[in-house]
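Visitor: So for the sequence shown, our numbering puts the first residue at 235; every next one is plus one.
Hint data in this document are derived by calculation from the structure and do not stem from the laboratory. Among the clues, some could well be false.
When the alpha-carbon atoms are kept at most 25 Å apart in a straight line, the in silico BS3-like pairs for lysine-lysine are as follows [as the list claims (entries may be wrong)]:
1. K348 to K406
2. K348 to K542
3. K542 to K661
Listed next, with one range per pair, are the computed distances between beta-carbon atoms [said to hold, decoys possible]:
4. D390 to S723: 29 to 37 Å
5. D658 to E885: 22 to 30 Å
6. D390 to H554: 30 to 38 Å
7. R427 to Q313: 41 to 49 Å
Quantities reported herein were computed from a predicted structural model and do not represent experimental measurements. Cβ coordinates follow ideal geometry from the N, Cα and C atoms, glycine included.
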Amino acid sequence: MVFRRRSSVFLWIFALCVGAVFWASGPVVAQQLDGETPAYLGSKACADCHTEAYSAWQGSHHANAWRLPGPDTLVGAFQGETFSDNGMQATFAANADGLAVTVQESDGNTTIYKVHSVGGVHPLEHLILETGDGFLQSFDIVWDVEQRRWYHLYPDQDLPPVDAFHWSGAYKNWNARCAECHATGFEKNYDFRNRTYASSQVEIGVGCEACHGPGSAHVAIAETRAADSSTSGPEFWGFAEALSNPQGQMAQCAGCHARREAFGNGNPVPGADFANSYNLAMLRPGLYHADGQILDEVYVYGSFLQSKMHQKGVTCVNCHTPHAATTVADDNAVCTQCHSEAGNPGFPSLPLAEYDSEAHTHHPQDSDAAMCVNCHMTDQVYMGIDARRDHSFRVPRPDLSDVLETPNACTTCHTDQAAAWAADEIKAWFPDGQWQQPHYGEVLAKGRRSPTLAAPELLGLAQDIAQPDIVRATALWLLRDGAISLDVSDLGAFMDDADPQVRVAAISALRQRASVISEPYLVRGLNDDTRAVRIAAARAILSQQPGRMSDGIRGQVGKAYAELGRVLQHQMDFAETHLQVGGFSMVAGNVPAAISALSEAVRIDPQNPQAWHSLVRMVAQTEGLEAARELMQQALSFNPNDISLLSLAAEF
């Protein structure tokens, strides 16, 4: 394929703004909280003293989240079997160098790839293939552990090798998209100048130090005390965080069990605040249904934050063992440890009642339908066979399904019935039930359809502190153009909110307003104690037209570039990053830098019509119609049916 030559303009322009040529630096050291970061030792260093915990961890999905090929992986596979799908054929065999996959693509090209490692343990094992220059790619044909068969994750897709969603493309890159949450002490180390990876990790798999932090200081303290038992141990015993606080434990889980944007080069040290390391995804279309039910793979945290259980102080370890990563009991017993006539003194506001009975479930005792999770934690199947539970612990609302176009637990099982039937059944069973109460999904659905018309309701939902913070934040995020009709002081008031995600979302609404009135709030956001808020403010400031900037905002541009640059230096392998930089450059009037950034965006993701559209227009202005036509042909070769590009092509 042919792409435009990458200009050096983008390199030095952005480096000048940030104050350092950050992409030329070597591997980034592990992040730290205070002082020097202790060294990693590996999980085996924990085994002698923490025998029980280590033993439980060894059999966990965490320990096996990423493994080298061995006798306990891919059992029954790599015996010369062949799998074909949509014109692509893969043959799995062992050779002198280990396991290899011979892939004949739909375009006829055949390549032999070495199997670097295996992701996951059950119900499927994912091949990680080496493709050169340090790139590790997640192969789309995976191993079904129970059925001992190969199957395609996306059988309905027929993607050519040039597609960014092809297994060899940017969105299936293990280094950037997966490895951080499958490893301990991971550093991505992408070299933007040479477009190579030098990724590293202390340990593949989620080891002890992935949650507790580097252990050298802890071991040194333990050895000192073994020699002299009169010595008292310091706070946290050599770790950055003791993980003794339940909310701190949950935040540690959230780093991987959340749909989020990562700010760093790899794993932050345990104990680092979530919002200083990540930006949490809102309940946005494509990820969640309008009422907050899971749609795409969102990894639990965003769902759990919606739940009443979270609001009452329940955390991950109330239901899951931290080392074995299993539930604390089987089936309904997980729920009845609290939801019973005896209750749980740790949660005194919980009504005392019998829930594990036909009187409550209205289904035969011990049947699948009487399982708590099948009504209150419906599942969604990802990767063909991997069912994940929705952790919002919601009461089924079939009465809202037709209005919001959302699923419900009742008709998910009773597929031959309509939502109205299920709603009538719920009303008969629970005449005073929660189905009578307004649901935030009703407002969010209106906001998705028309943020302008729904603006007053979205603002009211955001102001309702009884609602989950992630719901309030989503209401603000949905405002967009609707924010123009609201009083800026009402939006600015959210900058005092205790939840950083609400402050982040408030900035997304405030950026719609003229900088002369949003200035004090954006400047305040740029100086917030929390990194996610500062990044949101930096993006908002850099999106302002220079000619319309207030003096106060103009004086913050350098700081905004520096703040955002420290994050973007770790995201230079993402097309989204270059699309952002291209947008900021266009706003600033720096066309050469914008062309350079957008050229890189379409190189990484040639199926991005938005980037092509902007790039073609700027090339037409700077290099003439002939150059624009040539570029237009490239754009259409990757996106032949895109209406916006076909319309643009007609102009040339």
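Visitor: Honestly, do D390 and S723 meet the 29 to 37 Å range at C-beta?
Guide: Since D390 and S723 have Cβ atoms about 50 Å apart, the given range 29 to 37 Å is violated.
Visitor: With 41 to 49 Å as the target window, see if R427 and Q313 comply at their CB atoms.
Guide: Since R427 and Q313 have Cβ atoms about 43 Å apart, the given range 41 to 49 Å holds.
Visitor: Sort out whether K406 lies within 25 Å of K348, counting only the CA atoms.
Guide: Distance ~16 Å between K348 and K406 Cα, so the pair holds.
Visitor: Between K348 and K542, is the straight-line Cα distance small enough, at 25 Å or below?
Guide: Since the Cα atoms of K348 and K542 sit roughly 48 Å apart, the hinted pair is violated (cutoff 25 Å).
Visitor: Kindly confirm whether 30 to 38 Å is satisfied by the beta carbon distance between D390 and H554.
Guide: holds (34 Å)
Visitor: Against the 25 Å threshold, does the CA-CA distance of K542 and K661 hold or violate the hint?
Guide: holds (22 Å)
Visitor: I want to verify a distance hint. Is the separation of the beta carbons of D658 and E885 within 22 to 30 Å?
Guide: violated (56 Å)
Violated hints, in rising order: 2, 4 and 5; the structure is consistent with all others.
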